[in-house]
Amino acid sequence: MQAQYLLRMSEETGVTEYQRLVSGVLAKDRKVTAEFVSHCADWIYPFVRHRLPRAELVEDLIQEIVFAAWQALPSFRGEANLRSWVMGIARHKLDDCYRRRIRELEMSDEDESPAEQAITPCLEQQLDLAQRQKRVQRVLAILPEPYALALIWQYRDEKSIREMAQLAGKTEKAMERLLARARENFKRRWSDDGV
Amino acid sequence: MTESDFEIEFRALLSEPQEISERAPSSLKARLYSGLIRKQQENGPLASLSASVKAGNAICVFEKLVQIAPVGEQAKSPFFCAACHARVLAELFERPPIFWSGCPYVDFKKS
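Order-wise, the sequence lines are chains C and E. The numbering of the first sequence is the numbering used here, which starts it at 82 and goes up by one. The numbering of the second sequence is the numbering used here, which starts it at 1084 and goes up by one.
I should point out that these hints are in silico values taken from the structure, not numbers from a laboratory. Built from N, CA and C at the ideal position, the CB exists for glycine as well. Check each hint, because a few of them may be wrong.
To be verified - For each label pair, taking beta carbons as the anchor points, the in silico distance ranges come out as:
#	chain 1	residue 1	chain 2	residue 2	range
1	C	Asp209	E	Pro1161	49 to 55 Å
2	E	Ser1133	C	Ser165	41 to 47 Å
3	E	Ser1133	C	Gln100	53 to 59 Å
Stated by the list, open to error - The calculated lysine-lysine pairs, modelled on DSS-like cross-linking and capped at a C-alpha distance of 30 Å, are:
#	chain 1	residue 1	chain 2	residue 2
4	E	Lys1122	C	Lys174
5	E	Lys1137	C	Lys174
6	E	Lys1137	C	Lys215
Said to hold, decoys possible - If we take Cβ atoms under 7 Å as the criterion, some of the chain E residues that face chain C in the derived model are:
#	residue
7	Arg1094
8	Leu1097
9	Lys1112
10	Leu1115
11	Tyr1116
12	Ser1117
13	Leu1129
14	Ala1130
15	Gly1139
16	Lys1147
17	Trp1183
18	Ser1184
19	Pro1187
20	Ser1194
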């Protein structure tokens, strides 16, 4: 309700309500800081939760984003609205997180599946939207992390293979191989999950 | 099924979920808030409670006792919630049994 109020206020008065928030946080007013945290958390949480399959990473990343937004607040000019500005920081931090995780995590041999499998289970199921989304999250959560992140990066964030390769410090070929293995793994686990 | 059919299916399956109105859990907000206040305190005291009231913000009953006390502004700057059970409960539980007004941890529960 607070967020709706804030958005309504910002539509009516330009960015003045956001500026009140920003100046209050910079003045270290504890109550305004609480409002700032509440808004930021509501904006960032769904975005991050749907992009990080491991729940234990979600809170750490949200905290990193909120702290980064707070540290960068003196540079907020009010040209964009605060929400867009914070979400820009969130996207940047999420890319950093993907890059770190994909670079750092090595795949073990047992996770290396053949490039193509003889069976090609059908992904299409007659599930309602909510069920399907839950199942997608479930399958992503049990995938090896680099696979899940690579799939989300490409299909949810619509990154090109070239961009992903550049950000992760890999060749495009290596990124294509990673995605091929990720898709195979996803298909296999999707079928297992449906049994 | 061809490879491009799979591509289309993957795109549809992994596209942005529709739950756009989803809110952050209140306990997460509580932990973020306590963490951010600690960060703010690293380079100097918070604004005093009197400054907060002057800016039109509500304070809780415990903070009010400090705010009206005949002490200097510096004594009104510490983060008193650090010693309050409302903070502990709010950081641990989604629906903490805390109800008084002017408390940010109670407000997180409502938002």
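Checklist entry - Where does the structure disagree with the numbered hints, that is, which hint numbers, in rising order? => result Hint check: 2, 3, 5, 6, 12, 15, 16, 17, 18 fail, others pass.
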